[in-house]
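Here the protein sequences come in this chain order: V and U. Using my numbering, count along the first sequence one by one with no gaps and you end on 243. Using my numbering, count along the second sequence one by one with no gaps and you end on 297.
No lab work stands behind these hints: they were computed from the structure. The model shown is predicted, which means the values in this text are computed figures rather than measured ones. Glycine is no exception: its CB is placed at the ideal position from the N, C-alpha and C atoms. One or more of the hints may lead you astray.
Here are the simulated DMTMM-like pairs of lysine to aspartate or glutamate, each with C-alpha atoms no more than 25 Å apart in a straight line [what the hints assert, rightly or not]:
id, chain 1, residue 1, chain 2, residue 2
1, U, Lys85, U, Asp243
2, V, Lys127, U, Asp243
3, V, Lys127, U, Glu284
4, V, Lys127, U, Glu162
Label pairs and their calculated CB-CB ranges [unchecked claim]:
id, chain 1, residue 1, chain 2, residue 2, range
5, V, Asp67, U, Asp189, 47 to 55 Å
6, V, Ala173, U, Gly202, 29 to 37 Å
7, V, Ile162, U, Arg31, 42 to 50 Å
8, V, Arg172, U, Leu138, 55 to 63 Å
9, U, Trp204, V, Val224, 51 to 59 Å
10, U, Leu50, V, Asp188, 36 to 44 Å
11, V, Ile162, U, Leu275, 48 to 56 Å
12, U, Ala183, V, Gly69, 46 to 54 Å
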Amino acid sequence: MSSAVATETRRQTGVAVEQVVRRFGDRVVLDHLDLTIADEELVILLGPSGCGKSTLLRLLAGLDRPDGGRVEVPARRAIVFQADRLLPWQRVLRNVTLGLHGPGADQRARDVLAEVGLSGREKAWPKELSGGEAQRVSLARALVSEPELVLLDEPFAALDAITRLRMHDLVRALRTRHHAAMLLVTHDVDEAIALADRIVVMSNGRIGTSHDVHLSAADREASVARETLRARLLEDLGLAGQH
Amino acid sequence: MTELSLKAPAVGESPDTKTTSAREREVFLPRDARRRTPISTLLERLRWPLGIYTTPVVILIAWEVLARAGVLAKTYAPAPTSIVKSAADLWQQGVLGPDLAISLQRAGTGLAIGLTVGVITGVLGGLLRSGEYLFNGLVQVLNTIPLLAVLPLMIVWFGIDELTKVLLISFGAGVPMYLNLFAAIRGVDQRLIEMARTTGAGTWRLVTRVLVPGALPGFLVGLRFSLAYSVLGLVAAETVNADKGLGFLITQGQTYLQTNQVFVGLVVYSLLGLLADQFVRALERVLLRWRPSYEAS
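Could you put together the complete structure from these sequences and hints?
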């Protein structure tokens with residue numbers, strides 16, 4: 001949006017995770033994990049449930065501290081959680097402006113709400129929203145502060161298949177307007193292929209494999225390359241032959 | 001699949017043949033579509049004609065009838081109408097008005113002190129760990145002491161004048177306010193607090209937009225208890241060396257076997273309680289609009 005932000009993000013790499021260790025008791029969840037995310041890159045973190053995806057995301061968000069290694073992230077970052085986590089006692093607009101200050105806050109919130117297709121719903125209570133609408137509000141809340149890094153923790157897992165496809169379109173549209181690095185955690189292989197610049201698969205507390213995705217929008221829907229990628233991802237996840 | 005879809009319309013068309021069908025089925029229609037006879041409308045109207053006041057009114061009517069029939073002796077339970085008449089008489093004699101005013105003044109002062117202390121300590125205890133350590137143990141101990149048991153001690157400490165009365169009321173009001181407010185603030189959803197921190201909201205925003213509104217339902221529960229206990233404290237306090245006030249009115253009535261007068265005092269107390277409850281209900285309607293609530297049918 002503003003050029004000052006753009007030049008600032010260019011200066012250094014989006015995310016740098018070096019040799020990070022995280023233990024819960026005796027269980028080592030993250031075992032000397034390395035990960036870098038470039039500016040404006042959308043990386044999808046894929047892995048079976050319980051493999052430490054959310055733990056890594058919480059470390060990047062600053063909600064948790066590593067037991068070893070180093071995590072470097074931009075100070076301006078935002079999270080979209082799996083549940084919408086809207087404040088039920090605030091109307092939609094006030095939910096979006098929660099972290100905003102200054103006179104233009106309301107107008108910026110309105111603009112972002114329009115971007116996610118919710119203009120006119122500013123005065124609604126969260127209880128009046130559908131699941132997809134609520135998750136779009138939480139997306140707006142994350143984007144309104146113009147973050148340099150957006151972390152998404154299985155944001156569309158609780159939505160139905162049709163709403164999920166709409167949300168994928170929305171994420172693609174938002175990426176052209178907001179220049180942020182994104183890390184999206186999911187266990188949905190099709191979602192990963194639909195959105196990613198790069199897909200990393202987690203296994204045994206580390207980044208196992210990494211696949212750069214250079215496919216056109218149409219090729220992501222259906223193509224030989226897509227099927228090949230899908231098969232390889234399933235193999236990485238240890239699901240080869242079952243699908 | 002085909003078998004089911006063939007059978008289903010047949011049942012839907014004639015609900016009366018339900019008994020012959022092996023599988024039980026349910027049919028849902030708009031509520032207005034049910035046949036409305038004059039009798040069913042009347043029954044609907046008669047079921048709860050006065051809302052929550054239906055039961056009290058029924059009791060009052062039964063009481064009146066029994067009193068008039070002479071089943072209830074006048075000295076035990078005078079008829080409601082005669083209580084109302086006594087109230088009007090007492091008001092005209094210039095007794096009830098000033099007594100009520102002095103009682104309300106006591107209750108108001110006591111409430112103001114109790115709620116202020118309760119809210120401040122509750123907020124500090126809820127927000128800060130050091131606040132919890134400072135107040136929580138103390139208030140938990142105080143909470144187990146019955147209000148009426150403190151009265152003798154207060155008389156020894158603060159005499160038999162207004163101070164004892166006001167302090168007893170504020171004690172009754174402050175303790176439940178602290179307990180409820182503390183629990184409400186600590187009970188605010190941890191995930192929402194975490195979310196608020198990640199949006200870059202500062203401590204002030206966190207308190208004003210997350211913790212305070214999140215604790216509001218618990219605060220209102222506390223307010224309800226505080227108001228009820230303050231009336232309780234008022235009753236207890238006014239039986240001690242009162243020369244004016246509602247308690248004095250009751251004591252006097254008891255001394256001279258003026259059961260009417262005793263009942264007038266009780267009625268006024270209960271009306272105060274009712275008013276307090278309605279006040280909190282109105283607050284809840286305004287402040288808790290955001291809450292998806294359950295409405296019993």
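Tell me, which hint numbers fail for this structure?
-> Hints 2, 4, 5, 7, 10 and 12 not satisfied by this model.
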